[in-house]
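Asks: Chains as they are written, first to last, in this note's numbering: chain B, 6 to 460; chain L, 40 to 292.
Be aware that one or more of the hints could be misleading.
Claimed, not checked - Cβ pair distances, simulated, as ranges: (1) Leu107(L) / Gly209(B): 54 to 60 Å; (2) Arg95(B) / Gly126(L): 55 to 61 Å; (3) Gly86(L) / Asp215(B): 35 to 41 Å; (4) Gly106(B) / Gly85(L): 55 to 61 Å; (5) Gly126(L) / Tyr76(B): 34 to 40 Å; (6) Gly240(B) / Gly215(L): 44 to 50 Å; (7) Gly209(B) / Glu155(L): 30 to 36 Å; (8) Gly212(B) / Lys127(L): 49 to 55 Å; (9) Leu107(L) / Asp215(B): 39 to 45 Å; (10) Asn214(L) / Asp242(B): 55 to 61 Å; (11) Gly87(B) / Glu155(L): 36 to 42 Å; (12) Leu70(B) / Gly85(L): 40 to 46 Å; (13) Val41(L) / Gly106(B): 45 to 51 Å; (14) Arg196(B) / Asn214(L): 38 to 44 Å.
Just so you know, these hints were derived from the structure itself, not from any lab. Glycine is no exception: its CB is placed at the ideal position from the N, C-alpha and C atoms.
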Amino acid sequence: MSAKSVKEKTTKSKSTTKTPVKKTATKATSPTRKSAKTKSSKVTAINKSRTFKKSIDLFTRATDLIPQGIYGHQNPAITVPGSYPYYAARGKGSHYWDVDGNEYIDYMCAYGPMVVGYANDKVNAAAKKAIETGDCFNHPSEYMFNLAKRVTSLVSSADWVVFGKNGSDMTTWATQVAREHTQKRKIVMVREAYHGSHAWCTPGHGGLLDEDRSHMLYFDWNREDQLADLFKQHGDDIAGVIMTPYHHPTFTGSVLPKPGFWKAVQSLCNEHEALLIIDDVRAGWRLSIKGSHDYFDFTPDIVCFCKAIGNGYPISAAVGRQDYKAAAGRVFLTGSFWFGSMCMAAAMATLDILEKEKGIGVMMKMGKMLNAGLQKLGEKYGYPMKLTGPASIPYLVLEDDPNLRKSQNFCSQVTKRGSFFHPHHNWFLSAAHTKKDIDQTLNHCEDALKAMGKP
Amino acid sequence: MVDQTVLAHLHVSTVLQNLEDVLNFDKKAMEIARGWNHVIQFSCPGGIGAHIEFSNGKARHIRGVTTLPTIALWFPTAKQLNNMFLGKKFSLAIPWMGAWNISLLKGFTELSKRMEHCLKPSDVDLKNKQFFEFHVKCLLNTAVFGLKAIGENDPKVRPIIQKSRNGIAEFRIKNGPAAHIVIKEGHLFPFKGSATDPDVTLELKNYKTAYGLFSGKLDAMALMGTTDLRVEGYIPIIDNLNAALDRLGIYLN
Chain B
6 MSAKSVKEKT TKSKSTTKTP VKKTATKATS PTRKSAKTKS SKVTAINKSR
56 TFKKSIDLFT RATDLIPQGI YGHQNPAITV PGSYPYYAAR GKGSHYWDVD
106 GNEYIDYMCA YGPMVVGYAN DKVNAAAKKA IETGDCFNHP SEYMFNLAKR
156 VTSLVSSADW VVFGKNGSDM TTWATQVARE HTQKRKIVMV REAYHGSHAW
206 CTPGHGGLLD EDRSHMLYFD WNREDQLADL FKQHGDDIAG VIMTPYHHPT
256 FTGSVLPKPG FWKAVQSLCN EHEALLIIDD VRAGWRLSIK GSHDYFDFTP
306 DIVCFCKAIG NGYPISAAVG RQDYKAAAGR VFLTGSFWFG SMCMAAAMAT
356 LDILEKEKGI GVMMKMGKML NAGLQKLGEK YGYPMKLTGP ASIPYLVLED
406 DPNLRKSQNF CSQVTKRGSF FHPHHNWFLS AAHTKKDIDQ TLNHCEDALK
456 AMGKP
Chain L
40 MVDQTVLAHL HVSTVLQNLE DVLNFDKKAM EIARGWNHVI QFSCPGGIGA
90 HIEFSNGKAR HIRGVTTLPT IALWFPTAKQ LNNMFLGKKF SLAIPWMGAW
140 NISLLKGFTE LSKRMEHCLK PSDVDLKNKQ FFEFHVKCLL NTAVFGLKAI
190 GENDPKVRPI IQKSRNGIAE FRIKNGPAAH IVIKEGHLFP FKGSATDPDV
240 TLELKNYKTA YGLFSGKLDA MALMGTTDLR VEGYIPIIDN LNAALDRLGI
290 YLN
């Protein structure tokens, strides 16, 4: 059985048992997507007058005050600088506007957090209600308990939950819980995987000591034989294996788990009494409301969430199985703002929308529509392309593009026309995307391909 | 945390190569080396060495040692070699060959001063456009050649380069000089001039920008945002090399 067939199988089973697509599509056009429908008519197929003057001017001034002007994953250097906006002004639904007034149908969704639409009325109303009575207190509010109940009831194999603010908070803490529970030292991760910005996993080069990674071990995605070798060599000292539910590195296509991979990983972890930690920060709430591990049909020990859980309000979470609750309690976890009620209220509302409006089904459907359209256009204009990874979190790959120049050209051309395509990072669909958005984006793509000329 | 061995690699393989260009640009340097037909070699333990061939008023920098140099300067330690390059006292070289050629040694010392003048110019010198552009060209070459010394020898950077994809990265100043580096199986091979088919190109808007970047006054990521620095092609190669460039600044500053 191929990886493709696994994807088809899982997608099919989810859509029939959990997210009936037809029903979902009808329901999801309201109320999340109303604003997008009314605004989308303003997007012109080609807007050649698009400039980024204010973005670049603001950025230039910012470089005096802020290291790199904009640091981290939103630094413009990772796109095609000069052809992309740097600063956002406002957003609604699946659209946003930059500081120069350019409108975009967005396929990055704030790099994942936006999952039910920018400035979602329901989410904002819930957050507003929470802050009207105060947000940050000497104690958590009842929201914390309510959200804990909600998350543990939604996510499969979640017996307990903790909350933080960022993905890195959760992934780092999860590795500490693994060490505490097992009283072992080593953590295994997949090469080129991203688990956050902390010293043990940052892709950056600066400020690191050799000791920061002295207990890290690495293997390649889909190579359970390499993992088995690591267990053979270090089995009595491996505390945990941390992995994303599928492989989504930057600068290259996403790779789904091959058939039997997760079962093999799970089995190795069980055999050697190491915890299996899933970093579902990026994919979480876009594959299954029960967690991406449920989508791929395996059972981890701890799962870390962030990004989409609060539709942009800063909150992260880690859930775990009962066996590890005691160890979790022994690993100190806190932060000044981690108990604030606003984000927890926002998360409650976001999860409600995703569940009740079958949001993940919408994302999947829109992603598939986009993929089909792109493939068709790619063939027509001599630029064969496909979206890799799950339909709701696709990564664009153009054929015969070893140095990514075609991708850079295509994505920047499309972005200039009004659909934000990132050339080097996976994209994100949201429950706010509509068929009209996809159609309009495909028009932008066709215009971009025409402008690119023959390959 | 400067590793003396890495610094010694930098001195003999990176700083010294600038003599080639200095002899093409600086009239006083040309005068000093006029009529030379010599080979001067620098080395220290650990396989660190390079030699300069002087012929017809030109210089050619070659990595590694040769069998019959006119003068061979051997330093017992990398630190002593570095001290000589940094102009510090007590730098003890053992001229195990050609020690009798006092006039050549004296001439080379004068030539080194001209090179230093070009590499560490005064603010007044930099106001001269022609000199400024030459200085920036030297900085560009120093950066690209320094990538090899750092990328292959620095313990923090070596693992990053070793896992880098093979490819060619070109560094150029718009309407100006270029240099490129070939990455192959974890090894780096720097060259002056443009590459035929680079996998990734890093183009600086002008000499001023290049000066700011290579002298550590400007930030590469910020320059990319302002489009004063354009990177096109397979960016991860540049990202890996950037780890070496960051360290280069630490070593040479």
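Asks: Next step is simple, just say for each hint if it's right about the structure.
Replies: Taking the hints in turn, this is what the structure says about them:
1. Here the CB-CB span from leucine 107(L) to glycine 209(B) is close to 48 Å, at odds with the stated 54 to 60 Å.
2. Checked against the hint of 55 to 61 Å, the pair arginine 95(B) and glycine 126(L) passes, with Cβ atoms roughly 59 Å apart.
3. A C-beta distance of roughly 23 Å is found between glycine 86(L) and aspartate 215(B), which places it outside the suggested range of 35 to 41 Å.
4. In this structure the hint that glycine 106(B) and glycine 85(L) lie 55 to 61 Å apart at CB holds, the actual value being about 60 Å.
5. One distance hint, 34 to 40 Å for the beta-carbon pair glycine 126(L) and tyrosine 76(B), holds here, with the actual separation near 38 Å.
6. A hinted range of 44 to 50 Å is violated for the C-beta pair glycine 240(B) and glycine 215(L), which are about 57 Å apart.
7. Between glycine 209(B) and glutamate 155(L) the beta carbon distance is about 34 Å. The supplied range of 30 to 36 Å therefore holds.
8. Hint check: glycine 212(B) to lysine 127(L), Cβ distance near 29 Å, so the stated range 49 to 55 Å is violated.
9. About 42 Å separates the C-beta atoms of leucine 107(L) and aspartate 215(B), a value consistent with the hinted range of 39 to 45 Å.
10. For the hinted restraint 55 to 61 Å between asparagine 214(L) and aspartate 242(B), the CB-CB distance of approximately 57 Å keeps it satisfied.
11. Checked against the given bound of 36 to 42 Å, the beta carbons of glycine 87(B) and glutamate 155(L), roughly 38 Å apart, stay inside it.
12. Range check, leucine 70(B) to glycine 85(L): Cβ separation about 44 Å, and the 40 to 46 Å hint holds.
13. In this structure the hint that valine 41(L) and glycine 106(B) lie 45 to 51 Å apart at CB holds, the actual value being about 50 Å.
14. Distance hint check: the CB atoms of arginine 196(B) and asparagine 214(L) are about 40 Å apart, consistent with the given range 38 to 44 Å.
Going down the numbered hints, you'll see the structure goes against 1, 3, 6, 8, while the others check out.
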